[in-house]
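Number of protein chains: 2
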Amino acid sequence: MSSSAVAFASQNHARFLAELKDLLRIPSISTLPEHASDCRRAAAALAGELKRIGMENVRVIEVQGGHPLVYADWLHAEENSGVPADRSTSAGRKPTVLMYAHYDVQPPDPLDEWLSPPFEPTERNGNLYARGAVDDKGQLWIEMKALESLLADGGFADGGKLPLNVRVLFEGEEEVGGEGIAAFVASKPPELQSDFALVCDTELFAPGLPTLCVGLRGMIYTELEVRGAKTDLHSGMYGGAAPNPFVALAQIIARLKDENGRILIPGFYDGIVPPSAEELAAWRSLPFDEEEYRKTEVGSKQLVGESGFSILERTWARPTLDVHGMPGGFIGAGAKTVIPAKALAKVSMRLVPGMTPAKSFALFKSYVEKIAPAGVEVDVRLIHQGDPCLVPVDNAYIRAATRALGEVWGRDTVFIRSGGSIPIVGDFARHLGIPTVMMGFGLPDDNLHAPNEKFNLKNFELGIVSTIRFLEECGN
Amino acid sequence: MSSSAVAFASQNHARFLAELKDLLRIPSISTLPEHASDCRRAAAALAGELKRIGMENVRVIEVQGGHPLVYADWLHAEENSGVPADRSTSAGRKPTVLMYAHYDVQPPDPLDEWLSPPFEPTERNGNLYARGAVDDKGQLWIEMKALESLLADGGFADGGKLPLNVRVLFEGEEEVGGEGIAAFVASKPPELQSDFALVCDTELFAPGLPTLCVGLRGMIYTELEVRGAKTDLHSGMYGGAAPNPFVALAQIIARLKDENGRILIPGFYDGIVPPSAEELAAWRSLPFDEEEYRKTEVGSKQLVGESGFSILERTWARPTLDVHGMPGGFIGAGAKTVIPAKALAKVSMRLVPGMTPAKSFALFKSYVEKIAPAGVEVDVRLIHQGDPCLVPVDNAYIRAATRALGEVWGRDTVFIRSGGSIPIVGDFARHLGIPTVMMGFGLPDDNLHAPNEKFNLKNFELGIVSTIRFLEECGN
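Those protein sequences? They're chains A and B, same order as listed. Counting from 1, position 126 in the first sequence corresponds to residue 126 in the working numbering; the numbering is continuous, with no gaps. Counting from 1, position 36 in the second sequence corresponds to residue 36 in the working numbering; the numbering is continuous, with no gaps.
If you're looking for bench data, these hints aren't it; they were derived computationally from the structure. None of the values given here were measured: they were computed from a predicted structure. Watch out, some of these pointers could steer you wrong.
[Claimed, not checked] Subject to a maximum C-alpha distance of 27 Å in a straight line, what follows is the list of computed DSS-like cross-link-like pairs (lysine-lysine): (1) A:Lys188 x A:Lys230; (2) B:Lys359 x B:Lys21; (3) A:Lys295 x B:Lys301; (4) B:Lys458 x B:Lys230; (5) A:Lys458 x B:Lys230; (6) A:Lys370 x B:Lys295; (7) A:Lys188 x A:Lys51; (8) A:Lys301 x B:Lys230; (9) B:Lys295 x A:Lys301; (10) A:Lys365 x A:Lys230; (11) A:Lys295 x B:Lys230; (12) B:Lys301 x A:Lys365; (13) A:Lys230 x A:Lys359; (14) B:Lys359 x B:Lys230; (15) B:Lys365 x A:Lys370; (16) A:Lys359 x A:Lys370; (17) A:Lys230 x B:Lys370; (18) A:Lys21 x A:Lys370; (19) B:Lys458 x A:Lys230; (20) B:Lys230 x B:Lys51; (21) B:Lys370 x A:Lys301; (22) B:Lys359 x B:Lys188; (23) B:Lys301 x A:Lys230; (24) A:Lys359 x A:Lys188.
[Unchecked claim] Not the full set, but computed from the structure, chain B residues with beta-carbon under 8 Å of chain A: (25) Gly177; (26) Glu179; (27) Ala183; (28) Met326.
[Stated by the list, open to error] Just so you have them, the derived chain A footprint on chain B, three or more residues with Cβ under 8 Å: (29) 8-22; (30) 26-33; (31) 44-52; (32) 374-386; (33) 443-456; (34) 470-476.
All residues carry an ideal CB built from backbone N, CA and C; glycine is no exception.
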């Protein structure tokens, strides 16, 4: 923590925070077509900042029908390391990191539950409140400001140099499936050749507890469309004879998952690789109080899910199925006695190691088509998908991260999984052959994807320091 | 059909239609608070027209927290009948009719399915398309223009006189439960003292077939609110542990009705009075082709409902349960991985003779509370209600209607029921002690409550003539 880059970060913290607020004011909601220009504006702002801090080859990369990627690199670590750059030997060889984050955000609805406007960043009680504060603009800005601190002030005698080679890749479609970046990574472009990736989009297991995430669930996000009558009908005139698409959807959904949370799709659990005994033992030693979690994070009268599995297993290592909304029919105030011609359900499933999106979707689709009740037609559509993934923990970069985090936070690092999905981590492994360090600084109560999303200001500050020290450790 | 009032109606038909279009341009959607002033505007227009055509004591009557009633009367039938007005004997005694219709309409959504704008009345193929064309502004205008024809030109030598005493009561809350008129009728005000009511809000069983409706289903319209977590949660982080309100609603709804359309609420069917053998026999002789009905009216791949009951029994004489919409969660395009904190379902049940709204709702509520899955809280709210009703067919007014319809349409009148609910008919019977003649001129494919609502122009014209002749028959 004695590096001069850390000192630079400390001296410039107020400016870093002001800049983050500017970024948060751009409503770059990737799923809403009317915000496409905001996504483009955010990408342009990032490209400008990358240039300003001294990154090279800055490019906004267009993707098919989506929001652009932002790329930059700085590949002079060997030239400046003071030892001969001989890539054929390990002497003087500096690794290359691929730093990833995303600039797009979730929609802010329901708007009326926000205490301050989602796109007007507001500080309260040591937190910064805004849509994207933690997911993921705040964490993207940690990467950006760590690079600026290293480039501007340098951890090295000659100043303004990075301790390792750096490639940056920011995307704008993470919240909508990331098809653009997936295709780009799958094409294995030379500019992504790296030794490992750093993803800053996860969280600490508990406040003050340094955490590396080494497992993610995959997902399939689907849409069920059920059609009954050819047009909306009066429920008095036709009730009892015309099929009701919402009733049909309810009957289908009720057969997807039983009341104990077990998914009823035949074959869905086949091939699942459970966590090892050691991993389960480590999870049991984490500071986790189920009743506290129920009360403060979830707030429901009781928790649900598969019996025989702990809450951490249910959310990290078991597949799940959720319904996110059921568009169609009448949703205004009061009463409208309509049998709608069609109704939809947005249904997603989280997948765990041993499962694939393709197989899971095929099983889901054929089961739904089989159980669809009489009188209706059902379309089952895949909206997006991501592979589950596990990161091997026995590599030098995970060890470097552990050292840096230990130094900055003064505690041993814990290894956890996340129930969420970061499909790009699987893509980096599959197409680029590199492991990913998932080092993130969110907190469990940061209201991701919900009203009043926040980022702890101390975590933002220590996140920058941790990232500086991690990159320095990797370059040693 | 030789009355001079009929001749007046025929000469003025183009004007009548133009005036109806003006009324249809007012978006008097009773369920949407933002259209409250439109409802008021419609009421004022009706009051003005009633004055213009010569009705007396015209009043706009405010109701508690809702859209106003419009009242008018003309009570001089005995003075002009040419015989002494002696109310103590039947000599010269003219009956008093209470003419009812409603000026409010259903919301027009989904807007994108309308071929012409819902509040810009458009003639196509002999029909008038607009929200409210048939339900119920077009039929209200039948009553208005029948009165104008009788008052303006008269069926009597001295002209401008009605053949019976007339009271008019138009309401603006029929589509939202009609609480205002229900309270007004329940107070038994002297100005509603009448011998029978005429409701013009029903339909012909088939084109060209004169029809009187003698039975209606009642209803309860409810809202289920299910709450899980205290705030919206990320389905990756919390999926598998946090309750999902939509899944819970689906599980509840799937247990309300089985796949054969049978309602599973314990005790729900207790006490139902089935139609008589004669009524069932009469229904069997109606011109009804189930396959044609499926194809042209419903348009679903098959019809649904309780086995052992014909389609007419299912829709006229059996209780049913429908879901109209499920507000909450994410309903935009694309994907949002949210476990919503709460979700709603709008659920209504139609009731048949022998059932009451109060008992049905109590059974429904306690059953829903009992079957609600673990982890969620459920509120069950009653939004509105109406009693089922049967009209005795052995009265002079039904016979007068049968004679008038036979003369105008040249065919025997059929007696049917409707699956819909017109709660006011039950209120007229219970509080005023009067029977109701339900004489209406809609058609089964008029798209009530749906996009492209229409009214057949010939039926509008013959409806006015039928009503003139019916009122003349009642005064004879």
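Quick rundown of the hints versus the structure:
{"no.": "1", "hint": "A:Lys188 x A:Lys230", "result": "violated (48 Å)"}
{"no.": "2", "hint": "B:Lys359 x B:Lys21", "result": "violated (42 Å)"}
{"no.": "3", "hint": "A:Lys295 x B:Lys301", "result": "violated (48 Å)"}
{"no.": "4", "hint": "B:Lys458 x B:Lys230", "result": "violated (57 Å)"}
{"no.": "5", "hint": "A:Lys458 x B:Lys230", "result": "holds (26 Å)"}
{"no.": "6", "hint": "A:Lys370 x B:Lys295", "result": "holds (24 Å)"}
{"no.": "7", "hint": "A:Lys188 x A:Lys51", "result": "holds (24 Å)"}
{"no.": "8", "hint": "A:Lys301 x B:Lys230", "result": "holds (9 Å)"}
{"no.": "9", "hint": "B:Lys295 x A:Lys301", "result": "violated (48 Å)"}
{"no.": "10", "hint": "A:Lys365 x A:Lys230", "result": "holds (23 Å)"}
{"no.": "11", "hint": "A:Lys295 x B:Lys230", "result": "holds (9 Å)"}
{"no.": "12", "hint": "B:Lys301 x A:Lys365", "result": "holds (20 Å)"}
{"no.": "13", "hint": "A:Lys230 x A:Lys359", "result": "violated (33 Å)"}
{"no.": "14", "hint": "B:Lys359 x B:Lys230", "result": "violated (33 Å)"}
{"no.": "15", "hint": "B:Lys365 x A:Lys370", "result": "violated (32 Å)"}
{"no.": "16", "hint": "A:Lys359 x A:Lys370", "result": "holds (17 Å)"}
{"no.": "17", "hint": "A:Lys230 x B:Lys370", "result": "violated (35 Å)"}
{"no.": "18", "hint": "A:Lys21 x A:Lys370", "result": "violated (50 Å)"}
{"no.": "19", "hint": "B:Lys458 x A:Lys230", "result": "holds (26 Å)"}
{"no.": "20", "hint": "B:Lys230 x B:Lys51", "result": "violated (56 Å)"}
{"no.": "21", "hint": "B:Lys370 x A:Lys301", "result": "holds (16 Å)"}
{"no.": "22", "hint": "B:Lys359 x B:Lys188", "result": "holds (25 Å)"}
{"no.": "23", "hint": "B:Lys301 x A:Lys230", "result": "holds (9 Å)"}
{"no.": "24", "hint": "A:Lys359 x A:Lys188", "result": "holds (25 Å)"}
{"no.": "25", "hint": "Gly177", "result": "holds (7 Å)"}
{"no.": "26", "hint": "Glu179", "result": "violated (11 Å)"}
{"no.": "27", "hint": "Ala183", "result": "violated (18 Å)"}
{"no.": "28", "hint": "Met326", "result": "holds (4 Å)"}
{"no.": "29", "hint": "8-22", "result": "violated (count 0)"}
{"no.": "30", "hint": "26-33", "result": "holds (count 3)"}
{"no.": "31", "hint": "44-52", "result": "violated (count 0)"}
{"no.": "32", "hint": "374-386", "result": "holds (count 6)"}
{"no.": "33", "hint": "443-456", "result": "holds (count 7)"}
{"no.": "34", "hint": "470-476", "result": "violated (count 0)"}
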